[in-house]
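*Asks:* Work out the full structure: start from the sequences and follow the hints.
Here's the letter readout for the chains.
Protein chains: 2
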Amino acid sequence: MIDPEFNRVAIIGLGLIGGSLAAGIRQQGIARTLIAWDADDLSLSTGRDLGIIDEVADDVASATAGADLVILCVPVKAMKAVLRQIEPCDQIITDVGSVKTPFLNEACEVFGDVPAKLIPGHPIAGSERHGVTAADPNLFARHRVILTPADNADDDAVGRVELLWQGLGAETIRMSAEHHDDVLAQTSHLPHLLAYALVDTLSSGGDSLEVFQYAAGGFRDFSRIAASDPTMWSDIFQANRKPLLEILDRYMAELGKLRALVSEEDGDAMKEVFIRAKAARDHFSSIDRSRNA
Amino acid sequence: MIDPEFNRVAIIGLGLIGGSLAAGIRQQGIARTLIAWDADDLSLSTGRDLGIIDEVADDVASATAGADLVILCVPVKAMKAVLRQIEPCDQIITDVGSVKTPFLNEACEVFGDVPAKLIPGHPIAGSERHGVTAADPNLFARHRVILTPADNADDDAVGRVELLWQGLGAETIRMSAEHHDDVLAQTSHLPHLLAYALVDTLSSGGDSLEVFQYAAGGFRDFSRIAASDPTMWSDIFQANRKPLLEILDRYMAELGKLRALVSEEDGDAMKEVFIRAKAARDHFSSIDRSRNA
Chain V
13 MIDPEFNRVA
23 IIGLGLIGGS
33 LAAGIRQQGI
43 ARTLIAWDAD
53 DLSLSTGRDL
63 GIIDEVADDV
73 ASATAGADLV
83 ILCVPVKAMK
93 AVLRQIEPCD
103 QIITDVGSVK
113 TPFLNEACEV
123 FGDVPAKLIP
133 GHPIAGSERH
143 GVTAADPNLF
153 ARHRVILTPA
163 DNADDDAVGR
173 VELLWQGLGA
183 ETIRMSAEHH
193 DDVLAQTSHL
203 PHLLAYALVD
213 TLSSGGDSLE
223 VFQYAAGGFR
233 DFSRIAASDP
243 TMWSDIFQAN
253 RKPLLEILDR
263 YMAELGKLRA
273 LVSEEDGDAM
283 KEVFIRAKAA
293 RDHFSSIDRS
303 RNA
Chain X
13 MIDPEFNRVA
23 IIGLGLIGGS
33 LAAGIRQQGI
43 ARTLIAWDAD
53 DLSLSTGRDL
63 GIIDEVADDV
73 ASATAGADLV
83 ILCVPVKAMK
93 AVLRQIEPCD
103 QIITDVGSVK
113 TPFLNEACEV
123 FGDVPAKLIP
133 GHPIAGSERH
143 GVTAADPNLF
153 ARHRVILTPA
163 DNADDDAVGR
173 VELLWQGLGA
183 ETIRMSAEHH
193 DDVLAQTSHL
203 PHLLAYALVD
213 TLSSGGDSLE
223 VFQYAAGGFR
233 DFSRIAASDP
243 TMWSDIFQAN
253 RKPLLEILDR
263 YMAELGKLRA
273 LVSEEDGDAM
283 KEVFIRAKAA
293 RDHFSSIDRS
303 RNA
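Heads up: the protein sequence lines correspond to chains V and X, in order. Add 12 to a position in the first sequence, counting from 1, and you land on the number used in the numbering used here. Add 12 to a position in the second sequence, counting from 1, and you land on the number used in the numbering used here.
Incorrect hints may have been included.
Quick partial rundown of chain X residues pointing at chain V, CB under 10 angstroms, derived from the structure [claimed, not checked]:
(1) PRO87
(2) LYS89
(3) LYS92
(4) ILE136
(5) GLY171
(6) LEU175
(7) THR199
(8) SER235
(9) ASP247
(10) LEU260
(11) GLU277
(12) ASP278
(13) ALA281
(14) PHE286
Because the hints were derived from the structure by calculation, they are not lab data. Heads up, the beta-carbon is just placed ideally off N, CA and C, and yes, glycines get one too.
*Replies:* Okay, here's the thing in structure tokens:
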């Protein structure tokens, strides 16, 4: 038997992501012992009943004290309070939050500097399900995980966090926290905001129930993301406010231009934009297919 | 053997929709003879080679002369020119265009009045594929078809067009042309415009190729509809300009409100909007599931 990569892994926050990490680490034999803490006792007892964790901790401090790897899976807004309860020693600390610059800033505030073994991460794996009961050891397989180590990051710690994710079947990529937050504002946060706005606009139209009945493919696909967790997204939008507002402003300007073209019935100019968009999308989808092949 | 519902059906425009209609009508034995016309000779010879039509017509006039049912499947912009070539006699005429008020107006202009046996229709069945080679006899099964007969419409003609669609497995609904155009502006035309705007905004950001690589679920679903036919959508947006601009203005106002909430970090107000949107979407999706059950 191969020695596990980690001796004692502490998972802070045992929801869908934390639970799926625990289940995957367990299945792949990546840790000798899995300990978890969650604000909700029921999640912890469920996790133990499901057999995906070994031990339940009374608080963050005791969960993280003897661990060689700590994975923070609490909501973005709860990260700072959790960091405050960690006694910094030699553990590698990583997280799964959707926004990375604020997390690094919070670590700075709490620890005085970004600890060299704090390696921020973000698995790009969405699901509308939530809670530890939806835990899936294969949730991250064939997904990308972005790591945003700071300049002073410990190389060995980065490498071991990469091994963790690769062990769960994910592909890891490194980039700066700022770049991550820009990219995610564009490809994830903005689309979610647009979807919420669309569903809310249509459902406030008076005959909402009727309108939704005739929704065809495009609208269905799009509105699905408006079923995501309202608190989580409100927190993400606030945490990533600046990059989100920047891309939202560019989007609203583009929409204003298209509005003018529709209003002026300028079919040629419209077509030019749509052809360009279709080419970009077709290109993206061909990359995507080759990745998943 | 049951007598077919129609003796001679003429299909004008043999692309994905016209071809799928022909294939479905053939498979279900709904017509004794199927004749087709298309501006593109290759589509016609392909249709005949595929065995989904019996006869190829030289022009619209000869295709529609002896038919008891004429189905117009040409692009929205080509409808008027086609109507001009039809010698009005006793045929039932229907169409599959995405916009209904302009079609009725054009019929008025061409015939002096809306013929009692002209029954506008619109199957809510999207596909990114196109051309007769993608023809699918089951394309309309379990989809909705909206019919928008004018006040003077012949009841028997409406009933027979309903039977046609029901014979292909679709569910038919009647509503006014104006209401159809409002509903579709909201659930189909606006989402397409938003998707084109999003993909174009992101792909004009300089590092477009890179950004698209990190697109997760929500963005993928949404951007898929930006791969739709640019000419077709530019035509639809122009034809349905007024209802589209109306809902686009409401959407842009909503987006402006959300922008302010993000900018002011008003999490509570944001959450309120998202909770409302999620409830509407969850309600819609439960209707949808029970329909497809």
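*Asks:* Would you pick out the hints that fail for this structure and give their numbers low to high?
*Replies:* Violated hints: 1, 3, 5 and 6; rest satisfied.
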